[in-house]
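In order, the protein sequence lines correspond to chains A and B.
Take the first sequence: its position 180, counting from 1, is numbered 180 in UniProt numbering, and each next residue is one higher.
Take the second sequence: its position 209, counting from 1, is numbered 209 in UniProt numbering, and each next residue is one higher.
Please keep in mind that the hints were generated in silico from the structure rather than gathered at the bench.
For each residue, glycine too, the CB sits at the ideal point set by N, CA and C.
Some hints could be false.
[Unchecked claim] Here are the simulated PhoX-like cross-link-like pairs (lysine-lysine), alpha carbons at most 20 angstroms apart as the crow flies:
(1) B:Lys191 <-> A:Lys188
(2) B:Lys74 <-> A:Lys188
(3) A:Lys209 <-> A:Lys73
(4) B:Lys209 <-> B:Lys74
(5) A:Lys191 <-> A:Lys74
(6) A:Lys74 <-> A:Lys188
(7) A:Lys191 <-> B:Lys205
(8) B:Lys209 <-> B:Lys73
(9) B:Lys73 <-> B:Lys188
(10) B:Lys205 <-> B:Lys74
(11) B:Lys191 <-> A:Lys191
(12) A:Lys73 <-> A:Lys205
[Claimed, not checked] Label pairs and their computed distance ranges (CB to CB):
(13) B:His193 <-> A:Lys209: 47 to 55 angstroms
(14) A:Arg170 <-> B:Arg206: 49 to 57 angstroms
(15) B:Arg113 <-> A:Gly12: 52 to 60 angstroms
(16) A:Gly12 <-> B:Ser213: 30 to 38 angstroms
(17) A:Ser90 <-> B:Lys191: 44 to 52 angstroms
(18) A:Glu115 <-> B:Ser89: 51 to 59 angstroms
(19) A:Gly77 <-> B:Arg206: 37 to 45 angstroms
(20) A:Val175 <-> B:Asp214: 23 to 31 angstroms
There are 2 protein chains.
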Amino acid sequence: MQLQVDVIASIGEARAVDLNQHTVIVIDVLRATSTIITALANGAASVLPVETVGQARQQYAEGDVLGGERFCKKIAGFDLGNSPHEYTSSWCLNKRIVLTTSNGTRAIQKAVRAEHVLAGAFLNASACARLALSLRRNVALLCTGTQDAFAFEDALCAGMILHEMMSDHRAGTIVTNDLGMLALSAYKQHKGHIHDAVRQCSSGKRLLKLGFSDDVEYCSLTNQVHLVPTLHEHLLIPHRESS
Amino acid sequence: MQLQVDVIASIGEARAVDLNQHTVIVIDVLRATSTIITALANGAASVLPVETVGQARQQYAEGDVLGGERFCKKIAGFDLGNSPHEYTSSWCLNKRIVLTTSNGTRAIQKAVRAEHVLAGAFLNASACARLALSLRRNVALLCTGTQDAFAFEDALCAGMILHEMMSDHRAGTIVTNDLGMLALSAYKQHKGHIHDAVRQCSSGKRLLKLGFSDDVEYCSLTNQVHLVPTLHEHLLIPHRESS
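Work out the full structure, taking the sequences as your base and the hints as a guide.
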């Protein structure tokens, strides 16, 4: 079996690429996909990703948790912001989370026509790689970036997922594109020191400046969570590996 | 002194960036900038980069050498193709070369409004870094890519030039963008094994398939040449370091 596993630089680039028939792994390390993974790991029933604040308010129903950010900060009137630390089990257990973020939830919407849509981050990179392999489709690793600009931490995470896929004994030949080669090389260079690298990129520096150093540290942890958020009927629900 | 040294992914991305006041280093490792460097090192007086085949024929004057490629192959009626091996001193000495290639010469045209325009490749990476530092302007490392797609080998070379700049004892603080961080990491990972990496990227594989393995090997050599092609009045002329 040969799988094509390409890395896409930003949401803007994704528009030009045909994602039908693909497994798309949306990556927004700082912080949307890290937050979604954490919410589901802490017992949320599902996450509904929406693009705008208006849509979030409209979709909200009693019993839901309303979360999200603009300019990295909690939206007025919302229950929670976009910090994974806020998504504790006391907030999340059995709840539907309605979430809107500047980039990550928009990226999920762009991928909606794909065969499978997964949410990936360092926290669940290995589980993502295993699930993507088992789905037997070509893969697009969609780096969300920031306002259509390329983000280092997302590419580094794409490199990690690619590395985990290539290291899996079940994988046949895995072929990647040029950005995938670059991301994989960078991951190999920073393996074991992800946090140091993420602190230095533009999103990392911005979050540190705003006082979110705990988030930057937590989102740099690898393979803490063994579930993968997967999109079904517009809802992200947890896919857990059967052992 | 703080210098901003950003890596730009492709010609398409360059359009959106203000390059005025910058030193732009155009990089097309396979093969335009490697060929231009080689032609000047072998005694060419200058290289005139033009976008189209028609412009090349129009600009050609008696005594010039007409060179270029489309689809990696020599253009009908031209003296030379785009293989650096063709640009020997017997062809080049004291000649003006009129050159058109699919991507590299177009990238040079895009950069024409910059304060300084240099042509970089692995062959002259260190000389490029020294010259860019001495010019004391913010730097854009413009990866040419292929048909507006990102090219691994150009980013790897950008990473090398960035590394050489940061290693220079004269450099103050050098700040880079997220793609620069990724390119630098990838370069550190492949340092000493550039040829192995370049063979595996898409342009490398295409050239190998077309029988240009000598070109791929030669263009992967680092710091063989101590001159930098610099743009003056639409002509690239050699800048040699005074010792």
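* **20 angstroms Cα cutoff - pair Lys73 (chain B), Lys188 (chain B)** => Violated. Lys73 (chain B) to Lys188 (chain B) sits at ~33 angstroms, over the 20 angstroms cutoff.
* **Given hint Lys188 (chain A) paired with Lys74 (chain A) - CA-CA distance at most 20 angstroms** => Violated, at roughly 35 angstroms.
* Does Lys74 (chain B) lie within 20 angstroms of Lys205 (chain B) when you go C-alpha to C-alpha? -> holds (19 angstroms)
* Asked: Does the alpha-carbon distance linking Lys209 (chain B) and Lys74 (chain B) stay inside the 20 angstroms limit?
  -> Status holds; Cα separation ~16 angstroms.
* Asked: Are Lys209 (chain A) and Lys73 (chain A) close enough, with their CA atoms no more than 20 angstroms apart?
  -> Holds, at roughly 13 angstroms.
* **52 to 60 angstroms as the expected CB spacing between Gly12 (chain A) and Arg113 (chain B), which holds or is violated** => violated (24 angstroms)
* To do: Take the C-beta atom of Gly77 (chain A) and the C-beta atom of Arg206 (chain B), compute their distance, and say whether it sits inside 37 to 45 angstroms.
  => Since Gly77 (chain A) and Arg206 (chain B) have Cβ atoms about 55 angstroms apart, the given range 37 to 45 angstroms is violated.
* Asked: Within a Cα-Cα threshold of 20 angstroms, do Lys191 (chain A) and Lys74 (chain A) meet the stated pairing?
  -> The given pair, whose Cα atoms are some 32 angstroms apart, is violated under the 20 angstroms limit.
* Okay, His193 (chain B) versus Lys209 (chain A) on CB: inside 47 to 55 angstroms? -> violated (37 angstroms)
* Asked: Does Lys188 (chain A) lie within 20 angstroms of Lys74 (chain B) when you go C-alpha to C-alpha?
  -> violated (39 angstroms)
* Asked: For the pair supplied as a hint, Lys209 (chain B) and Lys73 (chain B), is the alpha-carbon distance within the 20 angstroms limit?
  -> Since the Cα atoms of Lys209 (chain B) and Lys73 (chain B) sit roughly 13 angstroms apart, the hinted pair holds (cutoff 20 angstroms).
* **49 to 57 angstroms as the expected CB spacing between Arg206 (chain B) and Arg170 (chain A), which holds or is violated** => Violated: the Cβ-Cβ distance is about 30 angstroms, outside 49 to 57 angstroms.
In terms of the numbered hints stated before, the structure departs from hints 2, 5, 6, 7, 9, 13, 14, 15 and 19, listed from lowest to highest.
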